Every structure is written in structure tokens, then in C-alpha cells.
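S.K.: Sequence:
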Amino acid sequence: MRPQYHYCEGGCNKVSICNGFEIPEKYLQKCLSSEEDVEKVQVKKSDKIDFILFIRSGDYGPHTSLATADTCQLDLDTNRPIAGSITILSAMKYIDYNPGELKRVIIHELGHTFGFDYQLFPYLRHDDGSPRTKRNQHTGEPELSTDANEGLKADRNTIKYVSRTWHTVSGENTYKRVALTLPSVVNFARNHFRCNELDAVDLESDGGVGSKHSHFERRLSIGEAMSATCDIMASVSGLTLSYFKDTGWYNVDISMAKPWDWGRGQGCEFIFKSCGEFIKSQRTLSPWCDELNDANFVHCIPHVNAYGICNLKNLSLPLNPEHIHFDSLPNIVPSELSRFGGSDTYADHCPYLSIITDVHVKSLNSHCGDTNNEKYQYPSIYSPSYGKKSRCFNYGTKYVSEKRDWAFVGCFEVRCSLEFKHLVYFRGEWRECPRDGGIMEIAEDITGRDWIQCPRFHDLCSVKKIRERNERREKEQNLIAQS
62 MRPQYHYCEG
72 GCNKVSICNG
82 FEIPEKYLQK
92 CLSSEEDVEK
102 VQVKKSDKID
112 FILFIRSGDY
122 GPHTSLATAD
132 TCQLDLDTNR
142 PIAGSITILS
152 AMKYIDYNPG
162 ELKRVIIHEL
172 GHTFGFDYQL
182 FPYLRHDDGS
192 PRTKRNQHTG
202 EPELSTDANE
212 GLKADRNTIK
222 YVSRTWHTVS
232 GENTYKRVAL
242 TLPSVVNFAR
252 NHFRCNELDA
262 VDLESDGGVG
272 SKHSHFERRL
282 SIGEAMSATC
292 DIMASVSGLT
302 LSYFKDTGWY
312 NVDISMAKPW
322 DWGRGQGCEF
332 IFKSCGEFIK
342 SQRTLSPWCD
352 ELNDANFVHC
362 IPHVNAYGIC
372 NLKNLSLPLN
382 PEHIHFDSLP
392 NIVPSELSRF
402 GGSDTYADHC
412 PYLSIITDVH
422 VKSLNSHCGD
432 TNNEKYQYPS
442 IYSPSYGKKS
452 RCFNYGTKYV
462 SEKRDWAFVG
472 CFEVRCSLEF
482 KHLVYFRGEW
492 RECPRDGGIM
502 EIAEDITGRD
512 WIQCPRFHDL
522 CSVKKIRERN
532 ERREKEQNLI
542 AQS
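Residue numbers (the working numbering): 62 to 544.
Keep in mind that the hints were calculated from the coordinates and are not lab data. Be a bit skeptical, because a hint or two may be false.
[Stated by the list, open to error] SDA-like cross-link-like pairs, simulated, lysine to any residue; straight-line CA separation at most 20 Å:
no. : residue 1 : residue 2
1   : Lys164    : Arg117
2   : Lys526    : Lys459
3   : Lys334    : Glu480
4   : Lys450    : Trp491
5   : Lys237    : Ile385
6   : Lys526    : Lys536
7   : Lys459    : Lys536
8   : Lys154    : Lys536
9   : Lys87     : Asp136
All values derive from a computational prediction rather than experimental measurement.
Please put together the full structure from these sequences, using the hints given.
M.R.: Here it is in C-alpha cells:
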């Protein structure tokens, strides 16, 4: 059910349906189909309630989505969403073994009910409460002529078409994309990606009605809460909070944004170039990778606290020309290259290091910070650990007699001490890392040495936070001494 008029010209319905959910009568108020006719349609608005959420779960026929959501009612005066509905579908699989992921799916869907939806962009307002898009003086509804913004429903101060020129195997191609021009969103993205030339932030260009234009472009927003795919441990970052600030409906505390590192500091080339072109100039396996999907090649993922595998693989069918990013790959004949790309369709088949979702058991994923993994972690002489205090490390063994090395990656608990040292719990002991990082070897016996690659102190620990902890401890000790 879309935003209501002051009266329903087509008549009022006997029941009110939102996202397949029949709104209970106790939540409905009267609406007018004319000045004389009165029936129940609109959701009641209370001065003490900001938002009403209707939620259901179950099997509602064949569906590949984790969940769906819709805004059920807008405030007649401000157009702010005041009611919404979420239907949990396949995401119910998480409820038994990873409720944290179910929570993140619901947070994503809440974002849609609160107004992150292409259909609601015309209703956004400026900070002073005035509409961003012209309104019909009689109905109060957005009314933009078809030629005002190339057919888009909202004003150019909200969204616009942008041209993106990509160099791929097929040559130079220029594409039109719909992008947000909202000031806080653009400013955040400029700072995050380090690209002052950016004048609009791309919206998702793939998928159907529920995905296209109603999410941030996946290629630029991996790991973000309002990306088109719900990632493990996705962040409600400053990008999403900036959008809600720009709606004109909410008081947003940007300081509550969660860390999000995808694409951070990668520059304008990361935004404007195709990933195939970008890969040719990068020196690491991130943000994009060109290593064929293989369980033997596992890496710590730089932009997220996890380990994973490059999702570049044979996708069986030829890709669209704009999604063919490689003109050569090891051991792949040229005639087969058009079938190789990243497995993520929404990311334009750009390959990247993906979190592993079934490490040893179905319930264990490879995100080191996922506290849900704590109850599934397996015993090992190397003392792996998952949780808020764990980080991803490269580690292994150097064998002397056999003249070979064994290497892997894993999650280990870390500690930042009050003495400004950083330690890792490895092989049953807390071990102090070199301040500048690097390989730390642990002598075991004459056959070999175990090793772990430490990060630099400043990459793991915050000097400011350690000083604050020391100050608190000093104050506590002074209080004890005075008592």
C-alpha cells in the first residue's frame, strides 16, 4: 500500500494489505472515499508512537529472497514512514544456528521500511521540511513532469542519471546509472573513497523491482547494510546514516555509524573504472582479485575482519560484454574467458575475496568477529578463537628437515596492553608481537618452527584508547588510596 491521499478517490478497501500482510483492524482508522463515505484503511497515528512495524515469517510459496519489506503508510504532513511490514522468508534458516545474521537481515529490511526505497525518493524533504520534489497543490503528492529529470520520479537534488565509461575486454562502453545526489551521502562517499570529483553515489543497477535503484550499488557497497546482498556482519555505516539524515525525516547521530572499510581510500579510479581495468594497476588481492576460486588459496580479507577465497570462477554461461573483465587467466583458454567472473551478480561479476560460510560445519563462518562462531569453534593446537577480540592472521610452520613450509590463515584473540604492547594468543600462550609487525617465530623442536604474521601496533591498537584506560586506572587507584 503506497502513500494515502486525504481521501481515496477509487473507494476504500474492506481490508488493508501491506507486503502481503493484512493489517489488523485495531491498527486501522477511518478514511474517506468521498466527503460522505467512511471506511477503514489508514493506519492509526499516535503522538506516542513513531513507527508501527508488522512482521511475519513462514513459507509463502517459492521465494529465493531472505526477506521482503514495504512501507505501509506515510505521515500526511511530513511524508515520513509511520508504518511498515517485513516478511521473513528464507532468512528463517538462521534462527537456530546464527540469530545474529537474522538480526542483520531484519536491520536491512527496516532500512527499506524507514524510507530507503526508490518509490519514496520523491517524498524526501530538505532540512527545513520543504519538499525536495515539486508537489501537486491539490493532493500534496510529488508531481514532476516526465522531461524534468529524464523520466525519474524525484528531483535532481535527490537523484539523477550519471554516465560511467568502462574499459572492458569488449572495448570502451558508456553506461547510464541512477545515482543519489543527496548532500550528506555524496560528502560521505567523497571522504570515504577519497574522490572529490564524485558528484553522485550510484544506486544498484541490477535486479528486479525490489533491488534495482533501492540499494547502494553493490560494487561500491560490499559489506554495507543497504547493499543489495546481506553480507555477514554487514555494517550500518556512515553511508546509510547519511541517507537517512538527508531524508529530512530523522535526527541522525552519525557518530553511531559502524566501521566499514570496503573501498576506503581507493580513489576515483575505484568508482569510475571497471574492476578489470582497476585490477591491472593494483598490487594486492583486494579490493578485487584475479585468483581462480580454490579452497587451497585462502587469505585474510583486508576490508573486513575475516578470511576468504576469491570468488572468481567459471559461471558456465557467457557473461554480458560489460561484465567480461579478463583478457587472460592462468590455464584458461581464450575462448573460455567470457564465462569467468565473480560469482556476485549484483557486483557486476567483479571478483573479490568472499567470506566462507561453512567452515568445517555449516554453522561456522570465517568472520573472526562473529560472536556466534564462538560456540562452533573447533579445538586446535594453534588456539584459534572467534569473537569481538579476535583478528585474522597468517600463520604456519617451517619444517627444517623436510625443507618445506605449511601456511594458512585463521582467527586469533588479540590484546592491547596498558604498556602499549600488542599480543596474540597463539599455541596456548599470549605472545608479544614486534611493534612494527612482521613474522614472529616460535621454536617448537628441531623439526620445525611455528610462525604467525603480526600486524603493526598502530594497525591493531589505539594509542588514544590505551591512554584513556590508563587515566581511568590511575583515577581508580587514587580514589582507593584516599579512602
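S.K.: A separate judgement is required for each hint: does it hold in the structure or not?
M.R.: Consistency of the hints with the structure:
A threshold of 20 Å between alpha carbons decides the hint, and for Lys164 with Arg117 the separation of about 14 Å falls inside it, so the pair holds. Taken as a hint, the Lys526 and Lys459 pair is broken in the structure, with Cα atoms around 36 Å apart against an allowance of 20 Å. The straight-line distance between the Cα atoms of Lys334 and Glu480 is roughly 45 Å, outside the 20 Å bound, and the hint therefore fails. For the hint linking Lys450 to Trp491, the alpha-carbon distance of about 13 Å falls within 20 Å, and the restraint holds.
A threshold of 20 Å between alpha carbons decides the hint, and for Lys237 with Ile385 the separation of about 18 Å falls inside it, so the pair holds. Restraint check for Lys526 and Lys536: satisfied, since their Cα atoms lie roughly 15 Å apart, inside the 20 Å limit. Proposed proximity of Lys459 and Lys536 is contradicted: the alpha carbons are some 47 Å apart, above 20 Å. Only pairs whose Cα atoms come within 20 Å are accepted, and Lys154 paired with Lys536 is rejected, the gap being roughly 48 Å.
Our distance criterion of 20 Å between C-alpha atoms is met by Lys87 and Asp136, whose separation comes to about 18 Å.
Taken one by one, the earlier hints fail for this structure at numbers 2, 3, 7 and 8, listed in ascending order.
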